[in-house]
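Asks: Below are the chains, spelled out letter by letter.
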Amino acid sequence: MIAAWLNFLIVLFAAPFLLGIVNRTKAFFAGRRGPPLLQLYYDLAKLLRKSAVISRTTGFIFWLGPVAGLAAVFCAAMMVPFGNARALVAFNGDLILFAYLLGLMRFFTVIAALDTGSAFEGMGASREVQFAVLAEPALFLGLAALTLQTGHFSLSDIYASLTWETWGKAGPTLALIAAALLIVFLAENCRVPVDDPKTHLELTMIHEVMVLDHSGPDFAAILYSAALKFWILGMLIVRLAVPVTLGHPLPDGILFLSSMVVLAVLIGIIESVMARLRLTKVPQLLIVAIAFSILALILEMR
Amino acid sequence: MQELTEIVMVFLILANLWLLASSRLMVCIRIVACQGIVISLLPFLINRHLLLTEFLAVAGVTAALKGFVFPWLLRRAMREAKVRREIETSVPYSVSVLIGILILAISLWISSRLPMPKPELTELIVPVSFFTILVGLFVIVSRVMALSQVLGYLVFENGIYAFGVALLLEQPLWVELGILLDVFVAVFVMGIMIFHISREFDNINTDQLSELADWNSPEKEGRR
Amino acid sequence: MILAACLIPFAAGLLAFFVPWDKPRRVLLILTALAHAGLVAAFWFILPEPRVGGWFELDTIGKYFLSITSLLFLAAACYGVAYLSGEDRGDRTDVEEGFIFQNAPEAVFTGCLLMFLATMTLVLISQHFGILWIAMEATTLVSAPLIYFHRHHRSIEATWKYLLICSVGIALALLGNLFLVIAGSIEGQKAVPLVLSELIGRHGELNVLWLKAAFLFLLVGYGTKMGLAPLHTWLPDAHSEAPSVVSALLSGALLNCALVGILRTHQVCAAAGLGEMSSELLRGFGLLSMFFAALFILRQPDFKRMLAYSSVEHMGIVALGIGLGGSAVFGGLFHAVNHSLTKAALFFIAGNIMAAYNTKSVSGVQGLLRMLPVSGILWIAGFLAITGSPPFGSFLSEFIILKSALDQGHYYAAVIYLVVLAAIFAGMAMIFLNMAQGVPAPEMKMSGARKESVMMVFPPAVFCVLVLLLGIYIPEFLRETLREAARLLGGLG
Amino acid sequence: MNLILLSLGLLCLSGFAALVTSASPRWTSRLGSWGVILSCVIGLVPAVKVLGDGPAQFFKIPWGIPLGSFDIALDALSAFFLLPVFVLSALAALYGQTYMAAWAGKKPLGPVWLFFNLLVASMVVVTLSRNGILFLMAWEIMTLASFFLVTFEDERAGSRRAGWIYLVAAHIGTAFLLALFVMLSHGNPSLDFDRFNLPAMPEYVKGILLILAVIGFGTKAGFIPLHVWLPEAHPAAPSHVSSLMSGVMIKMGIYGLVRMVSYLGVLPVWWGWLLIGIGLSSGILGVLFALAQHDLKRLLAYHSVENIGIIALGLGVGYLGLAYQLPLVAVLGFAGGLLHVINHALFKGLLFFGAGAVAHVTGTREIDSLGGCLKRMPWTGVTFLIGAAAIAGLPPLNGFVSEFLIYFGAFRGASSDGSQALAMLAVIGGLALIGGLASACFAKAFGIIFLGEPRTDHARAAHEVPYGMRIPMALLAAGCVGVGLGAPLAVKILIQVLPVATGLSLPVIRGVFPEAVHPLNFIVLLSAVLIALAFFIFLLRHAMLTGRHVQKAGTWDCGYAKPGARMQYTASSFADPLTGFFGFFLRTRRHLDAPSGFFPKEAAFETKTPDIFMENLHRPAVEKIYAGLSKLRWFQHGRLQLYILYIVITLLALLVWKMR
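Residue numbers (the working numbering), protein chains in the order written: chain A, 131 to 432; chain B, 249 to 472; chain C, 207 to 699; chain D, 2 to 661.
Where hints are given, some of them may not hold.
Claimed, not checked - Footprint (simulated), chain D over chain A, 3 or more residues, beta carbon under 8 Å:
id, segment
1, 132-138
2, 277-283
3, 333-346
4, 365-373
Claimed, not checked - Quick partial rundown of chain D residues pointing at chain C, CB under 8 Å, derived from the structure:
id, residue
5, 141
6, 540
7, 637
If you are wondering where the hints come from, they were derived from the structure by calculation, not from laboratory data.
Given the structure is predicted, the values throughout are model-derived calculations rather than measurements.
Glycine is no exception: its CB is placed at the ideal position from the N, C-alpha and C atoms.
Work out the full structure: start from the sequences and follow the hints.
Replies: Given below as structure tokens:
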């Protein structure tokens with residue numbers, strides 16, 4: 131239990147770090163030095179110290195969005211295992227709650243965006259929900275494939291039971307699931323090729339445009355939630371891809387953390403070498419993710 | 249006696265065919281009247297011992313109605329309605345006669361399928377009455393004027409009477425009288441209606457009597 | 207006693223021809239209706255003695271239908287008096303085409319109305335097929351002037367068709383009667399009299415072949431009058447052109463009389479072992495009638511014609527019920543009373559609508575609930591009752607027939623039955639609801655200030671309530687009567 | 002049982018009392034609504050008692066009509082369905098009292114209350130009756146009463162059309178039920194349920210019965226493609242009626258289905274598949290259509306189709322679990338499906354109340370004409386938000402609980418051996434898609450209506466509704482939260498219900514039940530944590546911002562010179578990417594008057610999404626059949642001669658046929 135709390139705290143603290151690594155990787159590929167690894171921490175600290183500018187149009191939904199979003203992602207993080215270590219909360223069916231908490235977070239982000247009455251934020255919200263609609267079945271079917279493979283119904287159990295032997299038995303299945311989850315990961319975290327977090331044109335933005343009006347602590351909450359979400363979704367892929375169990379919590383934890391770093395680097399590389407898709411092409415990418423999940427399921431049911 | 253009955257039967261057949269061939273309304277009325285008289289006297293030809301007063305009375309009334317009252321009613325309707333003397337038909341007269349012969353064949357076939365339990369009826373009486381009935385129906389269906397439809401109805405009625413004449417004798421008298429009364433009132437009411445039709449439409453062609461319908465023929469659509 | 211039921215209205219009818227004043231004549235109408243109704247009510251307590259050697263006798267079937275007829279006539283008399291006093295004297299303008307016409311003399315109308323009751327009573331009390339025929343033809347003849355009350359070209363057409371089609375049809379029935387005589391003729395003996403009980407009692411001696419032919423002729427003949435498709439062709443015309451009070455009687459009472467004619471024959475056939483054939487034909491005609499009615503009810507532009515076709519439908523249902531046998535006979539007979547009451551109520555209200563809106567076209571009537579609230583509510587209630595919606599009695603009767611059909615394995619019949627009923631419901635819903643709901647045209651509101659008189663809404667209201675009650679509770683005496691009648695027709699009680 | 006009878010009597014009595022006092026709108030409303038409220042409270046007592054382990058109650062008296070008897074019983078399944086009936090009816094009556102006041106003096110309110118009370122009473126009888134005739138009568142009265150309520154505003158052609166479609170659809174559904182009941186009581190002289198004679202039934206007959214049931218009850222429930230009446234009727238009715246119809250009346254279809262199927266014993270495997278298929282199509286298409294709607298109440302109506310689909314998914318999972326002898330899966334499926342019945346009643350009732358409140362004060366239901374209502378009507382807004390989150394299935398609210406159970410059942414079923422796994426996976430994917438779409442749809446509905454700036458004067462006129470309308474909304478919102486947070490307790494009432502619904506024995510259910518609902522404890526725990534955390538973060542934020550200068554400014558306008566309320570994103574544009582993506586199913590019609598010239602003046606863009614089933618299936622089919630049939634109308638051409646010929650031909654045909 132203490133280990134679980136400890137792991138949870140590590141997640142809470144380490145999450146912004148991963149985004150730093152992504153940015154550094156991207157900078158490396160672009161031939162720049164890039165921001166410091168801890169840039170997000172600095173940003174958060176700065177934002178928390180600032181006051182806020184709030185639109186006259188908005189009401190309480192405007193601040194409820196970031197608040198509820200952060201609370202939701204916090205709860206979701208509690209259910210995510212730390213590598214093969216059990217999560218703080220683990221029960222049969224927690225993966226459903228996990229996905230729905232992310233949905234809750236999205237719902238509040240979207241309505242907070244709509245609260246401003248801005249055409250741009252509405253546009254972002256509209257795109258966000260469109261992609262989420264397709265990402266959700268992909269995520270669920272991917273998780274279903276994992277439960278079918280392992281026979282467990284809890285994220286902690288599923289990931290604890292994954293080993294290299296599983297890969298040996300059902301390599302293609304797991305690869306497909308991983309691919310599907312990766313696409314979901316990219317979409318949910320608004321990464322290239324779905325969204326470009328660094329874009330500066332409101333018309334082309336998705337996630338960033340939704341939070342244009344947020345400032346100060348609210349914006350800090352949003353950035354931090356995004357970092358946490360990055361972590362918890364990332365973990366689903368990492369542990370699937372590297373199901374190594376060394377037998378002791380400490381080396382296991384270190385291995386897991388370093389895998390997470392590798393994932394961040396990988397994302398950085400993807401962002402550097404790929405262009406962003408046209409908006410109309412994004413759904414097709416997500417359909418591909420659904421197709422991967424279904425394919426994985428078919429392979430299992432054979 | 250058999251021969252006499254058969255002669256009468258042949259007369260009835262010929263009368264029907266004549267009716268189909270004739271284009272003169274007055275002639276038709278007369279034919280039907282004669283037919284009615286002959287048919288009302290038919291019971292005595294079939295069964296001679298029936299010359300009782302009550303049967304005589306019935307036959308007399310029948311003959312009077314069919315031979316005189318009905319024609320008189322029709323002629324009156326004709327006069328009041330100022331009907332044209334020619335019968336208009338939707339089936340040409342020559343074809344009518346051919347169809348009449350066909351009907352005769354059908355009647356013979358039908359009666360061959362229905363064996364009479366009473367042998368005292370002559371062979372011919374059943375087919376002839378069927379023939380008369382069907383001719384009556386054919387007249388109703390094929391003739392255009394309202395008056396000739398009444399005529400057809402009378403022929404039809406004659407046919408039924410011819411068929412029933414022998415049988416009804418076993419039935420109580422006043423049933424027969426009631427039936428006669430009904431027929432009389434029917435013809436009477438029809439006559440009145442013909443008068444009204446002619447007043448309303450200036451003629452008694454039933455072509456105009458087709459407004460009440462749930463289907464609009466192309467020509468009717470065109471008229472609107 | 208039994209003959210009095212026929213003779214009283216007959217005498218009153220004759221009298222009415224010669225009463226020159228309107229008021230006393232109307233009183234005479236109502237008094238006669240009351241007397242007749244009282245007499246018929248008395249028959250429920252003291253069954254009248256058979257007369258003339260069993261020619262006239264009130265069996266259960268006759269008593270049942272006679273009661274319906276009498277009740278309907280009483281309502282029609284009340285309604286009719288109100289209706290007649292609302293009719294303008296002299297020149298009237300036609301509601302559809304705007305020409306001028308006149309009514310037939312009221313004395314003729316009242317006289318014929320009373321004679322109509324007399325002849326219908328005669329049909330229902332006669333056990334002798336000949337008398338039955340005479341009375342049946344007489345109903346046609348005395349009701350023809352009723353249809354021709356409004357003297358214009360459409361009503362002439364309707365009357366002429368009614369007269370001729372029914373006369374031809376009934377003449378065929380006469381032929382059927384003759385066949386029946388032949389069927390009862392035995393070599394060297396006196397023939398079996400055409401009295402129902404004799405025919406049934408001596409069924410073994412009947413010639414089956416001729417009986418079969420007799421049934422076919424009687425079915426076609428009386429079926430014409432009853433409105434079985436495809437013999438129903440006169441029915442929509444006559445019902446739509448007749449004054450509403452007459453339409454109500456034609457539909458609610460006269461068709462039943464024709465039905466009784468067929469039922470009598472059916473009884474003989476069933477006794478002689480031809481029940482299978484006659485049932486099959488009744489089922490076939492029943493379904494065919496329902497189908498044809500549905501065909502013309504859908505998007506029917508004239509609401510009185512729609513009601514007329516609905517009568518065809520319901521006669522089909524009754525025929526189907528009788529034809530199915532078993533417990534469906536009960537259902538069919540029960541349906542007859544539901545139909546009569548509902549249809550009469552609907553025709554009465556249709557009369558009210560025509561008086562207020564001056565049209566028979568469905569599209570010309572809107573906002574009935576606002577224009578004539580009571581009539582509007584009754585119109586909707588009548589719609590629900592006529593389509594067999596619970597909690598009206600017709601639901602029960604239609605359901606019993608359905609159950610019997612499925613229980614006996616007549617699956618196709620059941621499917622057709624349900625499909626047709628659903629189609630008719632849809633068609634009628636469109637018509638009735640469009641008329642009842644909505645807002646009346648503005649000029650209507652100005653002109654249609656005429657109030658609904660009590661006499662013109664009371665009879666239909668009573669009938670609607672009765673049908674509703676029959677759907678919730680069937681009194682024991684009625685159930686017993688229906689069971690008894692069903693047994694007479696070879697069904698289960 | 003006496004209390005139930007008392008409640009029924011009171012319902013009818015107060016209905017007629019309302020009718021009689023129609024002259025005084027105030028008294029009518031009072032008598033009508035308080036009658037409903039009182040009788041609902043009375044009725045709740047026995048229902049709750051039976052659910053809480055009480056014995057089932059029976060009441061039977063003979064009834065003077067053939068095949069019928071007044072046979073009613075209150076067992077757990079009935080009590081379970083009575084629960085939402087009573088609760089929502091009482092609240093709807095309270096709401097309606099205020100809501101209908103707008104029509105006072107303009108229209109007689111007596112009939113409205115009469116039909117409302119009859120509607121409630123008939124639903125009570127439907128759930129209680131154990132005799133086919135009684136059931137069918139109550140069923141039809143339910144239809145008729147709601148029909149009259151739907152056509153309350155019959156001066157509108159749309160209302161009349163909606164009423165007609167509803168009535169006809171309901172009646173056709175009933176026709177199937179007639180056949181169903183007759184076949185169930187094959188050869189019996191009575192239609193009492195306990196005399197249904199089924200073991201002797203061959204398998205194919207059972208199949209026919211199931212098909213009849215699914216069509217008959219599905220029409221009322223709104224299974225696609227039998228749903229066409231629903232998006233027409235619900236918007237047309239007054240809002241408290243819509244909420245009652247959508248919240249509980251369509252559930253009577255579910256009740257009937259579960260009840261009738263429970264008499265059929267062992268069910269074929271395809272039954273579960275069928276329900277899952279229906280659930281998927283209704284759920285997904287329902288929510289897609291909802292997304293494309295511009296009319297708030299129409300949108301909600303389509304969401305009813307969606308939620309019925311979810312319930313069908315739950316039942317389908319349950320029936321498949323039964324068929325494959327997976328009691329745990331069965332219990333989860335049934336528990337989820339049945340609990341969703343109550344949940345849907347809570348949040349859909351709430352949402353219709355909210356929609357009614359908005360329409361009441363703004364005079365429009367067009368989502369795109371609204372905006373900024375949250376500030377003007379905070380109660381309505383907040384409760385609507387809770388309802389929206391609940392219907393989207395978001396934790397920690399009640400919608401999530403029932404969907405979780407179905408998901409969990411499907412996960413369980415998918416990982417068990419057997420060919421049911423495929424269906425279970427379809428359920429998982431389908432539910433995920435439905436969840437995403439529903440969440441999008443309610444983000445749209447809530448966001449566009451309540452957030453931002455008012456788009457028109459209608460919206461600017463918005464103001465909070467009176468307490469009479471607020472309280473029901475608040476109570477329902479509390480119910481949504483309560484069931485969400487009290488989920489482990491809420492599912493307990495199902496223990497008595499499940500044996501009736503599934504046919505499994507109580508010990509079996511008790512055996513698997515703890516395992517089935519165990520996760521709910523964690524969910525509730527996490528939900529509590531979630532709320533606490535949110536509150537904590539809020540406090541933190543509050544603490545940080547107090548003392549700092551929080552600036553108020555205009556919304557960031559990206560450099561536009563003069564952003565206006567009409568520049569805001571609209572509901573149609575919000576939904577456009579999704580409706581475009583699923584355009585194949587939706588067939589949205591677009592109409593564009595493009596601006597032209599150098600100084601364009603008028604331009605218009607319009608989208609309309611008619612029901613594809615109505616447009617492409619029902620209407621063309623009806624038209625085709627009608628066109629075919631109307632050719633036969635030649636028969637009645639008006640020519641007397643031919644009419645007589647018909648007689649002759651008929652006679653000859655009969656002679657030839659029978660006298661051969």
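Asks: In ascending order, which of the hints set out earlier in this document are inconsistent with the structure?
Replies: 1, 4, 6
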